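K.L.:
As a plain string of letters, each chain reads:
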Amino acid sequence: MIDVKTKINSFFIFNSSFGPREGDELKRILFYHPSQTSPDAQKMQVGLCEAVVKFMSTFSSEPCEALQTQTKRYIFYQPEKGYWMVLVVRIPYTTKALAAIGETQGDVIDPSIMHDLLLSAYKMFKMFRGPFKNFSTDDVYTVCEHFFNPFIVSKSLTNDISDVIQGINYLPLDKNSFFKVLCFIDLLEVNYPHFKCISFIYNEQLIWNGLSTNDMLTLYQYLVQTLLPKQVEKEIQGGAVTAAQRHGRFIQPAEGIKSSEDLEKLVQVHLMREDDTEIKQYYLIIYRTMSATVSFTVDVDVELEFEMFRSLDAFIGPQLSAIASTISEQCTLHALQTAQLAVSEHKFVYFNRLNLAFKTSPPINKLHPSTSITPEVLTIISGIHSDTKSLGNYGEIIIKTPDEYWITGKSSNEREFYVIIQEKNANLKEIADEVRRICEAQMKGIFFYPM
Amino acid sequence: MASSSKDSFPTTSNQENPPDELEPGACYESILNPTDSFEEFASEMSSSLQERNILLNTKSSTIHEIQSEIGESLKENTQIKSTKSTDDLQGKEESMTASTSNSNLIDQSEDDTDNEKDDYLQSPELVNKEKHVFILSSAGKPIYSRYGNEDKLAGLCGVIQALVSVVEEQNQDILRSITTKDCKAVFLVKGPLILVAVSKSNESETQLVLQLTYAFNQIVSVLTLTQLNRIFEQRRNYDLRRLLSGAERLIDHLLIFMEKDPAFLLGAVRCLPLPEKARENITSAIQSTCSKIRDLVFAIMLAGNQLITLVRMKKYTLHPSDIHLLFNLVRSSESFKTAESWTPICLPKFDSTGFLHGHVSYISEDCQACLLLLTVQRDAFFPLSQAKHTIAEKLRRSNCLVAINDALNRNEELPTTNPLKHIGIPEIRHFMYKCKSTAQLFTSDPISLDKLQDYRIRHKEGGDICEKKVEKLSDIDYVRNYRQFCAQIHCMSTPAKLIFRSNSHDTILAWITHGFELYVTFDPLMEKDQAIRAVDRLLKWIKREEQRIFIMHAPTF
Chain A
1 MIDVKTKINS
11 FFIFNSSFGP
21 REGDELKRIL
31 FYHPSQTSPD
41 AQKMQVGLCE
51 AVVKFMSTFS
61 SEPCEALQTQ
71 TKRYIFYQPE
81 KGYWMVLVVR
91 IPYTTKALAA
101 IGETQGDVID
111 PSIMHDLLLS
121 AYKMFKMFRG
131 PFKNFSTDDV
141 YTVCEHFFNP
151 FIVSKSLTND
161 ISDVIQGINY
171 LPLDKNSFFK
181 VLCFIDLLEV
191 NYPHFKCISF
201 IYNEQLIWNG
211 LSTNDMLTLY
221 QYLVQTLLPK
231 QVEKEIQGGA
241 VTAAQRHGRF
251 IQPAEGIKSS
261 EDLEKLVQVH
271 LMREDDTEIK
281 QYYLIIYRTM
291 SATVSFTVDV
301 DVELEFEMFR
311 SLDAFIGPQL
321 SAIASTISEQ
331 CTLHALQTAQ
341 LAVSEHKFVY
351 FNRLNLAFKT
361 SPPINKLHPS
371 TSITPEVLTI
381 ISGIHSDTKS
391 LGNYGEIIIK
401 TPDEYWITGK
411 SSNEREFYVI
421 IQEKNANLKE
431 IADEVRRICE
441 AQMKGIFFYP
451 M
Chain B
1 MASSSKDSFP
11 TTSNQENPPD
21 ELEPGACYES
31 ILNPTDSFEE
41 FASEMSSSLQ
51 ERNILLNTKS
61 STIHEIQSEI
71 GESLKENTQI
81 KSTKSTDDLQ
91 GKEESMTAST
101 SNSNLIDQSE
111 DDTDNEKDDY
121 LQSPELVNKE
131 KHVFILSSAG
141 KPIYSRYGNE
151 DKLAGLCGVI
161 QALVSVVEEQ
171 NQDILRSITT
181 KDCKAVFLVK
191 GPLILVAVSK
201 SNESETQLVL
211 QLTYAFNQIV
221 SVLTLTQLNR
231 IFEQRRNYDL
241 RRLLSGAERL
251 IDHLLIFMEK
261 DPAFLLGAVR
271 CLPLPEKARE
281 NITSAIQSTC
291 SKIRDLVFAI
301 MLAGNQLITL
311 VRMKKYTLHP
321 SDIHLLFNLV
331 RSSESFKTAE
341 SWTPICLPKF
351 DSTGFLHGHV
361 SYISEDCQAC
371 LLLLTVQRDA
381 FFPLSQAKHT
391 IAEKLRRSNC
401 LVAINDALNR
411 NEELPTTNPL
421 KHIGIPEIRH
431 FMYKCKSTAQ
441 LFTSDPISLD
451 KLQDYRIRHK
461 EGGDICEKKV
471 EKLSDIDYVR
481 NYRQFCAQIH
491 CMSTPAKLIF
501 RSNSHDTILA
511 WITHGFELYV
521 TFDPLMEKDQ
531 AIRAVDRLLK
541 WIKREEQRIF
551 IMHAPTF
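Top to bottom, those sequences are chains A and B. Each step along the first sequence adds one to the number in full-length UniProt numbering, with nothing skipped, and position 22 is 22. Each step along the second sequence adds one to the number in full-length UniProt numbering, with nothing skipped, and position 94 is 94.
Incorrect hints may appear among the rest.
Stated by the list, open to error - As a list, the in silico BS3-like pairs of lysine-lysine whose alpha-carbon atoms are at most 30 Å apart:
{"hint": "1", "chain 1": "B", "residue 1": "K497", "chain 2": "B", "residue 2": "K543"}
{"hint": "2", "chain 1": "A", "residue 1": "K81", "chain 2": "B", "residue 2": "K129"}
{"hint": "3", "chain 1": "B", "residue 1": "K497", "chain 2": "A", "residue 2": "K54"}
{"hint": "4", "chain 1": "A", "residue 1": "K280", "chain 2": "A", "residue 2": "K81"}
{"hint": "5", "chain 1": "A", "residue 1": "K123", "chain 2": "A", "residue 2": "K43"}
{"hint": "6", "chain 1": "B", "residue 1": "K497", "chain 2": "A", "residue 2": "K424"}
{"hint": "7", "chain 1": "A", "residue 1": "K429", "chain 2": "B", "residue 2": "K421"}
{"hint": "8", "chain 1": "B", "residue 1": "K497", "chain 2": "B", "residue 2": "K200"}
{"hint": "9", "chain 1": "A", "residue 1": "K155", "chain 2": "B", "residue 2": "K181"}
{"hint": "10", "chain 1": "A", "residue 1": "K429", "chain 2": "B", "residue 2": "K540"}
Calculated from the structure, these hints are not laboratory results. Remember, predicted model here, so these are calculated numbers, not experimental data.
Please put together the full structure from these sequences, using the hints given.
P.N.:
Right, here's the structure in full:
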């Protein structure tokens with residue numbers, strides 16, 4: 001696992017229009033990490049970035065994305081006009097320069113991962129705090145401080161394939177179990193019309209999504225990377241499952257909803273629901289029983305009463321625990337079946353750009369980061385993934401590296417499939433045949449062309 | 001040199017490449033120095049700020065070595081040259097005023113001059129260009145701009161200089177590149193010069209840096225590195241354009257040449273395909289005529305950006321990039337066509353500290369081949385001129401001029417005129433092959449003279465970005481497509497040995513072994529086993545024709 005903190009040289013947000021006059025440069029800096037950096041050094045870095053942005057704007061209408069120096073890479077992201085987020089990472093220009101800064105190849109994080117980190121930082125900020133422009137110049141400094149500091153400190157990356165291709169892990173279910181989940185959600189929506197956009201997650205896998213795909217990815221990442229691990233830790237520390245846990249409880253707000261005062265602590269999120277035309281504010285409420293987690297949104301204009309939540313708790317609790325045990329049985333059964341399948345030592349990754357569905361071998365597990373994907377292979381996959389143009393609507397690419405890895409990427413109508421094979425004496429044809437076998441075995445019914 | 005089994009193409013059988021057989025085009029001795037420009041680039045790019053400054057001044061002089069070997073010191077010669085150049089400087093410097101200073105970056109970008117600059121950058125001369133190249137002195141004085149007028153770009157050059165120096169002085173780092181979604185700006189600081197390319201093409205950063213290095217070498221080739229360094233040591237603010245008049249055209253041409261010819265992409269030299277016998281005759285004509293001329297270092301015959309033969313002094317070889325500069329010089333100078341010329345030439349890879357003296361002339365009015373005789377002797381024009389006439393006469397008598405003309409005019413009967421037709425694999429649309437040990441290149445579209453003309457006419461329209469509907473790919477389009485494959489294969493952090501990509505437009509195979517690099521474009525959605533068979537046949541064909549398409553000997557005087 002890679003500790004992001006040691007990789008990030010600095011992270012800052014600036015808006016040049018906040019301190020237009022000379023001498024006001026510090027006002028332009030909304031946030032700077034590490035905070036102990038001297039004001040002069042901060043001004044210098046931001047000044048350089050301002051100059052770089054301006055320089056490129058004379059040549060290109062596209063916003064600046066990166067500045068590469070011999071030892072560092074500055075990654076730029078302009079989420080809203082005038083607001084720039086910059087992540088400075090120790091990524092040297094060449095591998096030979098690695099030794100100079102005391103790193104090895106394995107330590108270097110792929111630039112695309114860092115770019116995605118910046119993107120998801122903003123998306124998280126926007127979901128839980130709203131866009132930058134909503135804040136007055138007085139508030140914005142403290143808001144950023146309170147949000148981004150913990151974000152940076154808590155973030156960890158694995159340099160794993162799931163960081164290169166960010167997707168959602170869906171849980172495949174048999175028809176009956178899936179139908180039960182659907183019935184439960186429909187019933188909830190009918191009985192509690194204020195509670196909308198219901199999403200259903202089992203362990204770390206999504207079963208039903210009530211949000212737009214983009215918001216879902218952010219919420220999913222929040223749940224899987226931040227909220228749920230904390231909960232699981234709490235549950236494990238709590239020893240045996242208490243009666244309350246069996247019946248479920250509200251985990252967002254964190255202390256649950258036990259009295260009408262707790263309603264004050266409800267978390268607000270900024271979302272665009274499918275029938276919305278603009279981003280609106282909602283309360284985010286999350287409920288959990290055993291391994292099943294359900295999230296809903298409530299419009300902030302709705303008068304909330306404590307009674308409503310108590311009746312909701314009584315309604316969901318028993319139903320959800322019944323469903324959770326059904327799914328749990330399903331999963332055990334499924335695990336047994338897959339264990340019987342011939343285990344292939346080759347790794348594969350499937351990703352669908354439309355619903356963000358993501359599947360790898362073996363199932364993603366943050367506790368056991370896969371060591372078998374080398375950073376070089378990861379970089380190659382990330383290259384194929386980001387260069388959508390070169391494969392077009394349907395296409396295939398096979399790359400052989402000097403250390404005998406064969407990386408195959410297939411793309412077919414927004415679906416992508418990657419296979420990594422390490423094989424010394426293979427030829428192109430044999431690799432292609434092996435990939436076809438893996439594709440048929442793992443992706444039954446999903447069509448890739450060329451075969 | 002022999003290809004090991006590890007490197008053999010993943011064919012169903014490995015028998016095609018028994019270990020003792022050389023890959024097509026390889027021979028035991030090479031006229032060219034096959035050091036990969038990529039390797040060289042790698043070492044250069046990995047140097048730190050401190051190392052970089054040391055590197056530039058520590059080259060020994062090859063020319064000096066030759067001169068002392070011949071037992072004739074040309075010291076007075078160099079002295080004359082150096083006094084001459086200092087005279088030049090003193091005369092010109094008086095009129096100059098110091099202007100640029102290392103002012104604060106932010107101040108500078110808010111200057112009034114900056115607004116003017118912005119306006120000028122949006123003018124039709126400059127807007128919407130695929131690739132800009134700017135060269136400035138480390139003091140921020142404009143030296144060269146590919147488009148527009150350097151004088152009006154002083155503001156922009158000031159910003160570039162400020163960016164470079166802020167990163168160097170305050171961060172103790174080196175500025176390499178800035179990217180947006182559609183555009184890359186690449187920076188290269190070389191000695192007293194800053195070179196910048198701003199490109200919207202699909203070339204990789206490495207490829208752009210190599211092009212900037214070529215542009216730098218072109219300047220060195222006119223001035224020598226020693227003189228260039230000395231000028232700026234004496235006067236940091238010197239306006240180099242005074243000394244480079246005429247060289248702008250060379251850089252202009254070089255930039256076009258680099259975009260069109262895969263020779264630069266691969267760091268290799270194209271040879272004019274000739275029957276083995278004809279090339280032998282040409283070489284021996286040069287050898288027999290020149291063997292008595294003591295100070296001759298290289299005799300080079302070329303035509304249409306292709307090498308015909310190279311005879312060299314024992315021990316010395318030429319680097320492909322030096323040959324490219326010679327190609328560029330010959331192609332850009334119409335005056336060589338009308339009269340024999342005597343010109344100082346610095347070949348940066350051979351010896352960046354001094355000039356060789358070149359006798360340059362076309363063989364005859366009815367043959368476009370050009371002969372360069374490079375010597376360390378300053379006053380050898382007449383003996384060399386005499387030698388040239390003797391060589392021309394010999395070539396005419398042995399019918400070599402006809403052979404050269406046939407090749408240049410792409411006579412239908414030659415197998416190399418239309419290689420794809422001759423090989424007879426209809427699925428192959430285009431290929432290029434580089435033999436690594438000899439740094440030579442062969443593509444399925446040999447250059448002909450009319451096509452060279454075509455580049456220039458097309459480029460007169462201005463290098464603008466235009467969205468054109470592609471009906472039939474031209475050869476240049478194929479090469480353009482190979483760029484990203486070439487970049488990935490030579491990528492320093494994650495290189496690839498083989499790339500097979502197939503989509504609805506085409507199927508491209510890029511493959512590198514110890515011995516060669518091969519890039520092939522097939523029909524779309526090509527089956528892998530079919531591609532393997534086609535490549536096998538292609539390699540066999542190249543092996544069979546290698547005597548014709550490559551220079552397989554390394555003759556000396």
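K.L.:
Run every hint past the structure and note whether it holds.
P.N.:
Results for each hint:
| no. | hint | result |
| --- | --- | --- |
| 1 | B:K497 x B:K543 | holds, 21 Å |
| 2 | A:K81 x B:K129 | holds, 26 Å |
| 3 | B:K497 x A:K54 | violated, 39 Å |
| 4 | A:K280 x A:K81 | holds, 20 Å |
| 5 | A:K123 x A:K43 | holds, 26 Å |
| 6 | B:K497 x A:K424 | holds, 13 Å |
| 7 | A:K429 x B:K421 | holds, 27 Å |
| 8 | B:K497 x B:K200 | holds, 27 Å |
| 9 | A:K155 x B:K181 | holds, 27 Å |
| 10 | A:K429 x B:K540 | holds, 20 Å |
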